[in-house]
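**Q** Residue numbers (the numbering used here), protein chains in the order written: chain V, 1 to 484; chain U, 485 to 1131; chain F, 1132 to 1648; chain D, 1649 to 1756.
Some hints could be false.
Cut-off 30 Å, straight-line C-alpha distance, at most; resulting in silico cross-link-like pairs (BS3-like, lysine-lysine) [claimed, not checked]:
(1) V:K372 / F:K1234
(2) F:K1566 / U:K1053
(3) U:K563 / U:K854
(4) F:K1331 / F:K1621
(5) F:K1631 / F:K1621
(6) U:K1103 / V:K356
(7) V:K104 / V:K356
(8) D:K1711 / V:K64
(9) F:K1573 / U:K600
(10) U:K1103 / D:K1755
(11) V:K104 / V:K28
(12) F:K1237 / U:K1062
(13) U:K1073 / U:K1090
(14) V:K205 / D:K1711
(15) F:K1566 / U:K1052
(16) V:K202 / D:K1711
(17) U:K1052 / U:K1032
(18) D:K1711 / V:K265
(19) F:K1237 / F:K1154
(20) U:K1073 / F:K1573
(21) U:K854 / U:K936
(22) V:K356 / V:K154
(23) V:K372 / F:K1237
(24) U:K600 / U:K512
(25) F:K1154 / V:K372
(26) V:K64 / V:K265
(27) D:K1741 / V:K104
(28) V:K154 / D:K1741
(29) D:K1755 / V:K356
(30) U:K563 / F:K1621
(31) D:K1744 / V:K154
(32) V:K104 / V:K154
(33) V:K356 / D:K1744
(34) V:K28 / V:K154
(35) F:K1631 / U:K561
(36) F:K1498 / F:K1234
(37) D:K1744 / U:K1103
(38) F:K1498 / U:K1073
(39) F:K1573 / U:K512
(40) U:K600 / F:K1498
The set of hints was computed from the structure by calculation and includes no laboratory data. Computed from a predicted structure; not experimentally measured.
These are the residues of each chain, in order.
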Amino acid sequence: MNISMADILLISPMIALFLFSLIPLTIKVLRGNVEQSPTATIVEALIGLFLTAGLLIVFGGSGKTAFNGQLVFDGLTQWMGLIAVVSAGFSMILMYENPATRGKQFSELIFLAMNSILGMLILVSAVDLITIFIGLELMSLSLYLMIAMSHEQKISKEAAIKYFVLGSFASAIFLYGVSFVFGSAGTINILDLMENASTLIKTSKVFLFGVSFISLGFCFKVSIAPFHAWTPDVYQGAPTPVTSFMATAVKTVSFAAFLRVLAMKPLIGSDNLFLVLQWFAVLTMTIGNVAALVQTNLKRTIAYSSISHSGYILVGLITAGISQNSVFAASSVVFYLLAYSLMTFGAFAIVSLIEKNENSVVQTDDLAGFAKNQPMLALCLTIFLLSLAGIPPALGFFGKFYLFSAAVSEGLLWLALWGVLNSAIGVYYYLRPIVVMYMREGDCDISDDRRFGTTVAIVTAALLIVVLGIGSGPLFEMIERSLM
Amino acid sequence: MNQQALIAILLLSPVVGFFLNGLRFRSKNYILAGTIATLAVVISFVCSVLLFLDLVGMPPEARRITANFFEWIAVDKFKVNAGFVVDQISSIMILIITGVGALIHLFSIGYMHHDKGVTKYFAYLNLFIFNMLILVLGDSLLTMFVGWEGVGLCSYLLIGFWFNDSAKAAAGMKAFITNRVGDAAFIIGMFILFMTFGTLNIHELNALAPTALEASWLGAVTLGTLMLFIGATGKSAQIPLYVWLPDAMAGPTPVSALIHAATMVTAGVYMIVRLNPLFISAPNTMMVVAIIGAATAVLAATIGLTQHDIKKVLAYSTVSQLGYMFLAVGVGAFGAGMFHLMTHAFFKALMFLGSGSVIHAMHEEQDIRKMGGLRKYLPITHATFFLGWLAIIGIPPFAGFFSKDEILWKAYSSSAGHILLWAAGVIGAALTAFYMTRLMALTFWGKSRVDKNVHPHESPISMTIPLIILGILSVIGGWVGIPHVISQYLGEVPNFWEHWLAPVIRILPLAPAEHGADHEALEWTLMSVSVGVAAISAISAYIMYTKKEGSADRVAKAFGPVYQLVNKKYLVDEAYFKGLINPLIRGSKNLWYYVDVNIIDKATYKVTDIVRGGGSFVKSLQTGNMQQYAMYIGVGVVVALSFVLMR
Amino acid sequence: MMLSALIFLPILFAIVMAFWPQKNTVRHLAFGFSIIQFILSLGMLQRFDASSAALQMVEKSVWIQRFGISYFLGIDGISVMLVMLTTFLVPIIILGSWNSIDKQVKGFHSALFILQAAMLGSFLAMDAILFYVFWELSLVPMYFIVGIWGGTRRIYATLKFFIYTMAGSMLMLLAIIFLMRLTPEVTGGNISASILDFYKLNIPFIAGDFLTPQTLLFFAFAIAFAIKVPIFPLHTWLPDAHVEAPTPGSVVLAGVMLKMGTYGFLRWVIPLFPEAAEHFAWLFVLVGVIGIIYGALVAMVQPDVKKLVAYSSVSHMGYILIGLFVMNTYGVNGALYQMLNHGISTGALFLLIGMIYERTHSREISKYGGLAGVLPHFTIAFVIVTMSSIAVPMTNGFVGEFLILLGSYAFSPIVAAFAVTGVVLGAAYMLWMVKRVFFGPKGELITNAEHDHAHALHDLSAREFAVLIPLIIMIFWMGLFPNHFMDYSKASVDHLVKNKMDYSIPMSTNTAQTGER
Amino acid sequence: MPETNIITTIGPEHYLVLSALLFSIGMAGVLLRRNLIVLLMSIELMLNAVNISFITFSHYSGKVEGQIMVFFVMTIAAAEAAVGLALAVSIFKRFKEVNIRFFEHLKG
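Assemble the whole structure, with the sequences as input and the hints as a guide.
**A** Laid out in structure tokens, this is it:
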């Protein structure tokens, strides 16, 4: 297996990313373990990300495979990779300014983050189950450490250990599945399995067993219903920038990998698995929305909301899984993930802005009076929340609209109905923060140190949501063409 | 001056009066306000006289002046425009309205001069005249209905004129809502007629009215006319919906004179006369009208016996006289109905204004038990009241005699008539004579029971002139329609009334021959019976209330409970409140409490509680213990796999 | 270009006002802008050709090619007067809320203008998704107006209002998606969301069973609009929203927002699902009658005058519903006209209640009494508007209600008989309220207002006159010369009623065509 | 080839049953044991069970990729162990406690 020049070019984004991740650390080592100014670190990191994104755009979408079929660089890789890189980049800006992550060991944090992004890129482009596993583990391991590195002493550690134990537990299950797939099909390359997966699944019980295990492993990663228990605790425990990192980038790429696995069309083969996933989707949407109603902590509310959004995305995934031209359904999933990442990032960014010190916990009622003190930021939060609730003309509405159109066109009417009902329930807890911000007197204000980066990120996200919302047509077509 | 302009001026002068007074409603200058208002109505009167003369000049068949100003509602086949018609019937009505109206305006100047809202009062009066003219002149049922509800609105404003007294305000509201019940039926009547005949224009409706009599009760014409009649009972205070008229006395007396004696209450009769071809082709409705008319006449007369407030007595007398008009119309004697309407307008307006000047003299005292012997103090009022009294009890040659007798004769002789109807009419006449004489005796004759510090004085000239004019009209008013049986002895005086209305009134198909010897004799006998009965009861009442002191009370005690019942107006008002209004309010309170609050809101709260309960259940699942989560994963895996591998 | 200007000008105004430097001149600016908007709409009306039932001033350009969703605006007889009502009421609302809105004035006026833009958008949108976007968008500014400037329980009321309407319209979204999926067979291949293609669809309908597509779609749409109208069982949000909303909020809510529901029925439900609409007409007429009687009865016993007027709105909207579903020219013309009347008379009522609330800060009817003596001009205005509200002839209310009753009689006499009781009940509760508030002995509020001269009751100020005069003029103008207004919608309504089974609006020639059809 | 019966000749099923058993023991360990370190060990156990099944499949199907995968799995298991122990050390330093029942502050 010789490594041709083409392969190198294809994985150049990853190489660039890895090299740039080393720069802050080596400078710190050269300076005799004295932390260089965080601004320098963040600038280096962002340059690295820009370079990676540029390379991804140039080389990503060619559709060729590298390392004889282990990595593929098609539209999905490009789009999902870009979403991951952009939202991770935004989250790193948050890390730069959030009290819990700023200060000492900031370059280590950046190093881990960049490597986690590297894992994501691998995960997104992998079509070989083991490569997927490698990408998954690289991403997760660096994530566990990022959570544990928070200056906040108590709950971040607990979150880290929880995420670690359950993450490893689930990846063990995932691996078990891979072994069975290898056993029954002889190969673990999705491209090879593509043709006969749906027939094989009918004949060999072992293959079905394997695929189910793999799907359940993924369900854990994207916090689908019975396996979602870790998400609220970890999202609340982790420092807000890292939570935003997890909720946007990690979830996007996990869904991308899940989509690749489902692209083998296993659901057509066994309608039991199809039914199980449908019930999981319904369960996730309901639990996410219903639990968010009774939450008082703002971060935890957004966590549950992100669970419910996983439920909506799973509906898209299932539609892609069973539809003939799955391009339409897949592009609606990609579009939704783009919208979801932007909105959730925005919400977490506002929370990170309000946190005065590393130990401060933001309750929903603490937002009282925020609109009077910060009208612009309050408006941005309102846009994020209304978009999450699916109120037109924000991006969130169109995300849901495309998703449910895809589901309806494939006949999954009852899933769409359930999704619509759940978003009606969801409206209540999306409106509560707006109620508190605008209609209650209070003195909530952002911390006094000028967090210029975060504010810029928030405003750009809000603008993107409104602009892309109105111009969602061309965006969707672009995605669909690239996935063709 | 062409006729359309005349009609325009006729209608617009009260409107101008309304605006002139309305815009400066705060000023207390009663003379200016009074003159503006009276002048406006006089102009209308002059126009109506000119129009009347034009009509007389026209050949009998073509006596119709129409003016069509603008198109009001035009949707698909439903075309109604603001059109007005002056023909035989409506010309008389506008003469009455503007004539009597002008006199009452003049009277009001004197009566209302001390009231601080006098300009507002005159503005409302002018608005009333304008609406009444629309009602009368309207060429389609809908235009008539505009006037119909407009006069209802004005009567609401005028009854509740002294609004800081909540009883008076309640009376105004009661009047409007009771009228509204009638109007609802009127609307349904209009729909029925529109659906069957495709038009609401009165002239076309009359032309389209089927000549064949409609036997069934559920026929379109019968139902339509019945609904219109229910509307008329609302407006003209007949049996079911008359309760508002006695309370309407809360308004100033000239208002009672104008609205609740001369003009508004007669609207129902006028409507039936206008649509007489339709009513004729629905004999069942005619029967209902006649029966209700007779019943109201008798019932109202009995209540009139026991009332102590001078205006209440006159109010019940009005209800009773209206009953007569409906009786006349019910038996097909449309001409007689209109005739009685005109004469009643004269003498009832006279008596109301007379009672006004009495009340004015007695400084707002209305209880006749505290009056008596006012003959000395109010000579002119007494004289004119005396003429009115003679007219109402039907003593020849006064107006009341000719019109009431005509009704009684037709109640008997007409094919739709019946002996019982005639009998009811005669009983009514007797009762009318009794309570009117009682009224005269208690207020003017007999010993004076006026308490010391009240010393009545005659009303000023501006109030007595209208009384005098109306007194004269009450006398000569009847000579317009002298029945043939009498006129043949007086040198063939033409019965102007019959000729004038003939072309517009359709005669009942099988009416018996008018002439013929035996009929004349019968007519004479019936006439003498009714006059005799009236005279006897008048004399007995005179004796009871002037000569023998205690006799009235003794009779009252003799009848005991019956007297109490009648005195309390048969407890009809209380029945309405207990049976209809209070349960309605209580019901809607429960309705609101149970349906809105308990069922609908409770249901939504239940849904939110279920959802919230689910939320707290899921929250309880998140125990925070790592192994609990691992267990969920384990269970999830086992369940999923067993389901997947099951088949 | 005219219709896009009508929608996006207010949004521009809103942005300008949001960043306007001085706080105290914002009101004047807002008033000026609303006048400009009204003049613009008059210009549109002048260009509108009333004789044709076609869709005029059409603007159609691609928005989302993949789903055939187009930025498709058009106006015809049905929506022209509702647009005029919106632009007519906004200046009056701004003038009426001159000193009742004191905090965050800039925010209020920009929310009001965005609301106006959203309402106009939903009246003009001819594309299902565009309509849905404006329909939902109108909730957000109203949510803020009630939530921020409202009364004590404003948060409960505004959340209830938002979630009620939102939940309803969610089903509609699904129905729209389903319809869009059906369009390819009609438009030759490509999916489309324009209403003209929806009209071409003939969705299977079996009278008997409930689960046929057309019935389900019909009810999905109908529920969304039923909540907005509001119809009897789904109306409990209206009294709360009205009581807690500030005066301008109540006026715009009662004046225009309820009409979005009835307009929705007329544009999106009845022509789209003709067989189902005809089959279930009896149900909606029945609910309409119940609404009339129930609304009137419950209004009678309300202690709070604003709640009384809110329930009276339920009663009036019951009339409009009957008018719509009897599906004859009288009924539909009457319903359309009654929408305008209700906007004028109930809007005026809320403005008057706002004025008296500014003086006495109480809405308890029992605390009032004898107001007529103290505030004569106010009483006259109130009585005139009451007359219009209870449909006395010569006022606008009568024409609309008479036509609706006539239409309902043609539908079935029993319905007319019950509906006509609403006329009596309406008079009952309004006049009883007028008696208790204005006539009779002086109430406790008036007596203690007279004692301390700090806030003695002063009669209508010049501004308040300026607010009421146009409304009173409209009451009589629309009462005496209804044709000046009805002529605009007659052609379209006849077209709708005549061929309601296979209904489609022809495109008129004077379309400002941008982009392909 | 003598007739093979299930008891005497060891076929792929035996190894798979072994790996399944090991896997479930590991899972039970994660679910039941309180001590953090034992938890890490149970996870390692599960991963090794997977290795066994990989090798079984690769041996009996003759494809060598299985064994290559085992290397990948082992390296990643090692990395995981390293990270896990690092976290355990930092927690112990802070909480002075390894019993996971003390880490239940994040709930609800």
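**Q** Does each hint hold? Answer for all of them.
**A** Comparing the hints with the structure gives:
1. V:K372 / F:K1234: 11 Å, holds
2. F:K1566 / U:K1053: The hint holds at about 25 Å.
3. U:K563 / U:K854: 57 Å, violated
4. F:K1331 / F:K1621: With a Cα-Cα distance of about 23 Å, the restraint between K1331 of chain F and K1621 of chain F holds, given a limit of 30 Å.
5. F:K1631 / F:K1621: Satisfied, since the Cα-Cα distance of roughly 15 Å is no more than 30 Å.
6. U:K1103 / V:K356: 28 Å, holds
7. V:K104 / V:K356: 18 Å, holds
8. D:K1711 / V:K64: 26 Å, holds
9. F:K1573 / U:K600: 18 Å, holds
10. U:K1103 / D:K1755: Roughly 8 Å separates the two Cα atoms, so the pair holds.
11. V:K104 / V:K28: Status holds; Cα separation ~11 Å.
12. F:K1237 / U:K1062: Roughly 55 Å between the alpha carbons, so the hint for K1237 of chain F and K1062 of chain U is violated.
13. U:K1073 / U:K1090: 23 Å, holds
14. V:K205 / D:K1711: 20 Å, holds
15. F:K1566 / U:K1052: 26 Å, holds
16. V:K202 / D:K1711: 23 Å, holds
17. U:K1052 / U:K1032: 25 Å, holds
18. D:K1711 / V:K265: Given that 30 Å is the threshold and the Cα spacing comes to 25 Å, the pair holds.
19. F:K1237 / F:K1154: Answer holds: K1237 of chain F to K1154 of chain F is near 7 Å, not above 30 Å.
20. U:K1073 / F:K1573: 26 Å, holds
21. U:K854 / U:K936: 11 Å, holds
22. V:K356 / V:K154: 17 Å, holds
23. V:K372 / F:K1237: Holds, at roughly 13 Å.
24. U:K600 / U:K512: Since the Cα atoms of K600 of chain U and K512 of chain U sit roughly 6 Å apart, the hinted pair holds (cutoff 30 Å).
25. F:K1154 / V:K372: 15 Å, holds
26. V:K64 / V:K265: 21 Å, holds
27. D:K1741 / V:K104: 19 Å, holds
28. V:K154 / D:K1741: 12 Å, holds
29. D:K1755 / V:K356: 23 Å, holds
30. U:K563 / F:K1621: Answer holds: K563 of chain U to K1621 of chain F is near 14 Å, not above 30 Å.
31. D:K1744 / V:K154: 12 Å, holds
32. V:K104 / V:K154: 18 Å, holds
33. V:K356 / D:K1744: Judged against 30 Å, a Cα distance of about 28 Å means the pair holds.
34. V:K28 / V:K154: 27 Å, holds
35. F:K1631 / U:K561: 19 Å, holds
36. F:K1498 / F:K1234: 28 Å, holds
37. D:K1744 / U:K1103: 29 Å, holds
38. F:K1498 / U:K1073: Holds - the C-alpha atoms of K1073 of chain U and K1498 of chain F are around 19 Å apart, at most 30 Å.
39. F:K1573 / U:K512: 23 Å, holds
40. U:K600 / F:K1498: Given that 30 Å is the threshold and the Cα spacing comes to 27 Å, the pair holds.
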